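2 protein chains.
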Amino acid sequence: MSKFNQLISSFTIVLFLICSSIKETKADNSSHQSVVDSTMIRTIYDQALVNGEAYDNLRVLCKSVGHRLSGSPAADKAVVWGEQVLKKMGLDTVYLQEIKVPHWDRGNLEQAWINSGKPRELRIATLGGSVASKGKITAGVIEVQSLEEVKNLDPQKVKGKFVFYNRPMDARKISTFDAYGGCVDQRYWGAVEAAAAGAIGVFVRSMTTLESDHFPHTGSMGYSDTVTKIPAVALATEDANYIHDQLLKNPSITLSMNINPTWNPDKKSYNVIGELRGSEFPDKIMVVGGHLDSWDLGEGAHDDGAGIVHSMEALRLLKAAGYRPRHTIRVVLFMNEENGNMGGKSYASIAHDLREDHVVAIESDRGGFTPRGFSLVGNETQLKMIQSFRELLEPYGLHFFEFGYGGVDIGPLAQPLNKIDADLMLLGLVPDSQRYFDFHHTADDVFENVNKRELELGCASMASMLYLLDKTLHPIK
Amino acid sequence: MSKFNQLISSFTIVLFLICSSIKETKADNSSHQSVVDSTMIRTIYDQALVNGEAYDNLRVLCKSVGHRLSGSPAADKAVVWGEQVLKKMGLDTVYLQEIKVPHWDRGNLEQAWINSGKPRELRIATLGGSVASKGKITAGVIEVQSLEEVKNLDPQKVKGKFVFYNRPMDARKISTFDAYGGCVDQRYWGAVEAAAAGAIGVFVRSMTTLESDHFPHTGSMGYSDTVTKIPAVALATEDANYIHDQLLKNPSITLSMNINPTWNPDKKSYNVIGELRGSEFPDKIMVVGGHLDSWDLGEGAHDDGAGIVHSMEALRLLKAAGYRPRHTIRVVLFMNEENGNMGGKSYASIAHDLREDHVVAIESDRGGFTPRGFSLVGNETQLKMIQSFRELLEPYGLHFFEFGYGGVDIGPLAQPLNKIDADLMLLGLVPDSQRYFDFHHTADDVFENVNKRELELGCASMASMLYLLDKTLHPIK
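Here the protein sequences come in this chain order: A and B. Just so we're aligned: 159 in this note's numbering is position 30 of the first sequence, and the numbers increase by one with no gaps anywhere. Just so we're aligned: 406 in this note's numbering is position 277 of the second sequence, and the numbers increase by one with no gaps anywhere.
Where hints are given, some of them may not hold.
Which copy is meant is left open, so a pair is good if it fits within one copy or across any two.
[What the hints assert, rightly or not] Distance condition first, Cα-Cα at most 30 angstroms in a straight line; then the derived DSBU-like pairs of lysine-lysine:
| # | residue 1 | residue 2 |
| --- | --- | --- |
| 1 | 247 | 263 |
| 2 | 513 | 302 |
| 3 | 290 | 413 |
| 4 | 302 | 217 |
| 5 | 600 | 302 |
| 6 | 448 | 302 |
| 7 | 216 | 263 |
| 8 | 192 | 378 |
| 9 | 358 | 280 |
| 10 | 217 | 396 |
| 11 | 474 | 358 |
| 12 | 413 | 217 |
Calculated directly from the structure, the hints in this document are not laboratory data. Small disclaimer: the values here were computed from a predicted structure and weren't measured.
Based on the provided sequences and hints, a complete structural model is requested.
The following block contains the structure:
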C-alpha cells in the first residue's frame, strides 16, 4: 500500500468514525427524546387511570347540574361549577368570557298521538328551536324518505297535513357520524321544506343507529324567513316504525301534536376559560375544549359532559405529570354549541379582536368512548407531524390520524374572518363511534352510560396530544 | 447522433416500453385484485350491518338457552341450538363431535358473612371447581396481596383462618386482559397456597376493572393433589373493599362461608361443527370458533356467546357474499372452555388422529365489543402477511395486527403433540377490551350488555380475515 493510499485510507477511517459518531449522537439524542416522550406519555396515562378526576367531575356535572340548555338556570349553574373545578386545579389563570346566547325553552307540553282506532300516545321530543303547535293539531300524514321527495310531491297532497320524515341512518357506514351526517338534513331542514309544500307540522324519525328505540332524540332545527314556521318533533324509532306499519294498512290515519315551546329574549352567559401559561411562547395559544351546554334531556353525559371533563383533565394531567408547557395551553368550556354556537363564534371573534395567536385547537365532542385517534383540519405537513406521533401513541390504542373534522366550537377560529395564524391546526378527538347515537340527545344520555376507563383513556389521549404538539411546534433552532 | 447511439437509444426506448408495460400489467393485476378484495370486504360488512343474523342468534342463545355450564341440561340445549342454526345456514356439512366433559355444579347454597357487630351478608360467587364448605364455617381472616405473601407468612398466623386475596387488577394496563393476566393467579392458585399454609378457606377479590362493583365474578380455580382442598369464593369488589376497611379497624373480625358445590361424574357432550368445503384445497382446513359453554351466571353473552355468533355468522357472511372458499372453512362451537377445555383438547387430538391438515385457526373469545384487529401466534412471515391486509381493513377500524394470543380452544391445535402443519397460524380476534371485565363471569353478562353494531362489526372482521387468508394462502403458482 502506498503512503498516499495509506493516507487516504486513514482519512477514510477517520471520516467514517466522525460520521458514525455524529450519527450515533443524533440517534442517541433522538432515542433519548423518544424515551423522554414515552415516559411522559406513560406518566400521563398512569395518572389518568389511577388518580383520574374526570369521572368524579362528570358525576357532579351530571347529577348536581344535570342537563343545561343555553339560557337555563342549569346552564348558569354549569358555568359556576366549571369555574370552580378549574380554580381548584391551580391553573395560572381562570376567567369567564361573557357572551350572549339564544334562549329557547321546551315548555311543559310535549304530546302526540296516532289516531287509528283508540288514539295511541307517541314518544316524541320537540326539536330544539321549534315553534309551538298552539294547541292540539290533528291532520293526515305523508311519509317521505327525503327533503327531495317533499319537493317533488303534489302540494295538493301535502297541504294541511303532517310530513313524516322516516329515512333511517345508514347502518353500512362504519363511522356513525357519517351516517348521522347523511341523515340529519331531515331534522334540520325538514320543517322548511314541508312548510313550503303547505304542511302544518313535521314528525322526524330520531337520528339513531338503534333500529328499535323507545327514546326520542331531540336536536337542532332551522327555519327560513320566507316560509311559515311549523312545529316539528322527533319520534322514537319504535314509534316511527309503528306509524310506518299503520300507514301501510291505512294511508288515511291521522296524527295529533300538542307542544308549547317558547322563544325568549337572548340571555347573558359565559365561556369558562383556564390557562397554563407557556414558558417559551406565552402568546402562542393551544386551545382544548368541549361544550358546557347540553340539550334539555338526560344529563348531557356523553354530549358533551365527556368532552368538558376530557379537556379539563388534560390540563390537570399535564400539571400532575410535572410538565410545564412551552406554549400557553388554554381550556375553554364553550357555551351554546347545541343551538347557536354563540360560544364558539364569540370566542373566535374576541380572539380576532385581541389579535391572539392560536396555533392549535383540539375539541372533544364525540362522546366518552374508547379513543381511537384524532382527525385533523390542516395541511399535509401538519398531517405528517400528527402521524409521526403514531408510534408513541399506538401502545395506548390510538391508530387513527387522518384529515377529518375538528369540532363545532373551534370551527369559527379557522374561518377566514377570524383566522390570524394561517398554520392554525384544528383537531378532533375520535372515540369509537358505535354507541354514540344510542344516547345522543336523549333522556338516556346519563352518567351511568359512560364507562370510567373509556373516559379516562380519552383524557390521557388529549393530554398526550397536547404534550406532543407543545414539544414539536416551534422547535428550538 | 451515431447509428450505434441511435440503435442503443431505440433499444432503450423499446426496453423501457416493455418494462413499463410489464409493470403496468402487474400494477393493473394487483390493483384489480385490490379492487376485488375491497369490494368483497365491503359486501361482507354491508351484509353484517344490514342483514346480520348474529344479534338475533345471540338473543336466542341468551334468552332461550341462558347460561350453559358444561354438563348442565342447558349445555345440552345449547348443542341442539348450535346444530340447528348451522343446519339452517345451508353449509356443506354439519355434525356433532362427541367429547367427555367434567361436571361441576354450583349447588344451591352460596352464602357468606362478615361478622363485626351484626353479621352482614357478602355478595359472593363460588369459584368454579371449588369443594363445598360442608356447612357454615367461621374463622378469622388474613388479607394478602399475592400468593408470594402467603408463602412468606408465619403458618401459625394462617392456621385455621381464611385467606383473603385482595390485589386489584392493575388499572394502568391499557389492555384489560394484561391486567387480568397479572392478577388471576390469586383466583386460580389461591386455595392451593392458602391450604399449604394451613388456611380453611379462601375469599378472592373479583377479577374486574370496576373498583366498586356489586357483582361477584366467578371463574376457574385449581387444586393440587398434595394439598388439602379448601373451599374458595369470589367477592364483589364493593364487599372486598368493605372487608379491607373493617380489617383496618379491627384485625380480629371473622368471616363465615357456606357453599355446597358438587363434583359429579364426567358427562358426554359435543363440539358442534359445520363446514364450507374448499374448492381447491378441501383437505386444508381453516377453523373459526368460540366456546359454546359458559359459566353458570348471567347468560354468557360476551363470554362467549359473542364468539359463537361471530364465528357462525362469519361463514354465513361468506356464503351471503357469494364467496366459495378455496380451503375448507370449518366453524367449531367448542364445549367446555371454562372448566377443562375438553372441547379444544379433544378436537385437536381427533384432528391429529385423523391426520387433518389445519392451516389456520381463528378464535373469538374476548367479547362482542368493537373489533380492533387480530393477534397472531405464528412466525414473522405470517405476521407480515396479516399486516399486509391492514390497508384493506383499516377503513373498518381494524388497526391492530401483532403477535399475541390465539385462544384457549384453538391452543391445543398448536401443541407439539397435535401439530401436523408446522405453518399453522393461530389468530385471536381483538375487540376493544375496556368493558370486558365489567361483565366477565357475572350475572350481568347478559344480552342487553351487547351492542348490536359492535357485535356485527366483529362478525364482519372475522369473515374478512377468513376471506383474505383463504385468498392469500397457497397461491396459484
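Tested hints:
no., hint, in the structure
1, 247 - 263, "within (23 angstroms within a copy, 61 angstroms between copies)"
2, 513 - 302, "both (26 angstroms within a copy, 28 angstroms between copies)"
3, 290 - 413, "neither (56 angstroms within a copy, 64 angstroms between copies)"
4, 302 - 217, "between (42 angstroms within a copy, 29 angstroms between copies)"
5, 600 - 302, "between (36 angstroms within a copy, 25 angstroms between copies)"
6, 448 - 302, "between (39 angstroms within a copy, 22 angstroms between copies)"
7, 216 - 263, "neither (46 angstroms within a copy, 58 angstroms between copies)"
8, 192 - 378, "neither (45 angstroms within a copy, 32 angstroms between copies)"
9, 358 - 280, "within (17 angstroms within a copy, 77 angstroms between copies)"
10, 217 - 396, "within (28 angstroms within a copy, 63 angstroms between copies)"
11, 474 - 358, "within (25 angstroms within a copy, 70 angstroms between copies)"
12, 413 - 217, "within (24 angstroms within a copy, 65 angstroms between copies)"
Checked against the numbered hints given earlier, this structure breaks hints 3, 7, 8; the rest are met.
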